[in-house]
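Novice: Required output: the full structure, derived from the provided sequences and hints.
Numbering (my numbering), first residue to last: 47 to 488.
Hints are computed from structural coordinates only; laboratory data are not their basis.
Do not rely on the hints blindly, as some may be mistaken.
Here are the computed distance ranges between Cβ atoms for each label pair [to be verified]: (1) Gly353 to Thr113: 19 to 25 Å; (2) Ser319 to Lys84: 19 to 25 Å; (3) Ala81 to Pro272: 29 to 35 Å; (4) Thr95 to Cys439: 50 to 56 Å; (5) Gly124 to Pro281: 25 to 31 Å; (6) Leu110 to Gly163: 40 to 46 Å; (7) Ala197 to Arg218: 35 to 41 Å; (8) Asp444 to Ala471: 24 to 30 Å; (9) Lys76 to Pro281: 52 to 58 Å; (10) Ala416 to Leu376: 52 to 58 Å; (11) Tyr367 to Thr113: 46 to 52 Å; (12) Lys84 to Tyr367: 46 to 52 Å; (13) Gly385 to Asp303: 43 to 49 Å; (14) Lys217 to Thr338: 55 to 61 Å.
Beta carbons: idealized from backbone N, C-alpha and C, even for Gly.
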Amino acid sequence: MVRGIIASIMLGVAIGSGIIYLGLQPTTLKLAIAAEDKVDRAIFEAAATALKDKRRQVRLAIKLKPTNEDVAVALGAGTADLGVLRSDATTPTGVEAVLILRREAVVLVAPEWAEVGSFTDLADKRVAIVRHGGPAGHNINILRDYYGLAAARAHDAVISFEELEEALAAKRFDAYALVGSPTSGPLSASVRRIANASDGKIVFINIDEAEAISRRGPDAEALRIPEGTFGGRPPLPRKELLTLAAPVRLVARPDLDDQPISELARQLIAMRSVLRRVAPGAESLETPDPDTSQMLVQAGARAFRDGDEQTFLDRYSDYLYLSLFLVGGLGSMVTAVTGRFQRRQRQTVMRVLEEVMLTLDKLPRTPSLAQLDEADLHIADVYRLAMQQAAECNLSADDIAAFSLALSHAQTRIDVLRTRAELAAAQPPRPVAAVRTGPAPI
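Specialist: See below:
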């Protein structure tokens, strides 16, 4: 019984240890990214490597999807936990914002010879949408819809940063919509390249109604680009520029646990300076403000922003205290059961010892050898029983000592009585004196 109790305790400890071990294992989150989004691929590939190398409690498994629409489908279907989505792309219902990775602005630049002074002048112009690592933005379409120039989309073409120089040399386009983070090196390089190709005679198209457009829906935000942001000689732009920007967000499914998301947000914010080396503009990572965000902020990200992150003890303290209470109660119960078992075992031992002593007491003062042999056999049976119980660890050291003392005393007494009986049997009978008959002498 004692071994069963010990085995039960060890099993409980093993199960508890297993649960704790599993609870401390890192959580791997599946992140969907559009394959065409080179900027975010570089950011999160570097982040995934850093999280793994530093053995953090949260890991990233990157799943590349063909387009942003496929990322949205993966989130909606539950095959991805996280996704990188632009605000102007298709967004599945219910997803929540974790981080704002950057704000991709549309910077409209035109050579002076194109005679473009405002956005409405682009009605019949050829516009090149220049991508800078990420997917082609749709802010230009939002602007065309707002100004009633939807039909002019037929003149638009999407080109890459590498194709820009050839397009400038051939004067294929009248204006350029540069899509990317204003602080990134490639976008600034594109601005300077356009300026150099036009002998510095370029025009930045200001979107005066950007604030009004941003209020029409969650797809875009108004963004002010400070004077001199793009550098050059002289620094460009020469005055503050107002335009539209599409926030690029890290979003999560609404059914995810808060703690891994909070930990991921904390780790990504902490490694911004490292990520900047592989993806310029990554230093602008920020947590969305729940009060102003156009998308619901995930509870874990909100807890990180507000400093309300829960530690392991915060989350599981109630369970730990309950476990300690149960373990204490189980320990008390085991102690009580063990004590009762030991008392019963001691009582059994004492009854056997009393039986041994009673066997000796029942012997006559001068027992026969047959009676002694019978008593000796009974003592031997008790000895075998004691050895069997001792081999099965059912006897304590005190019990074994008591048996040893009692059996030794019984064996000694039987040996003494046996010696007396054998000596008495070996002595010849005494002669009987003759009885005299007849008259007594005078």
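Novice: Tell me the hint numbers this structure goes against, listed in increasing order.
Specialist: 1, 5, 7, 8, 9 and 14
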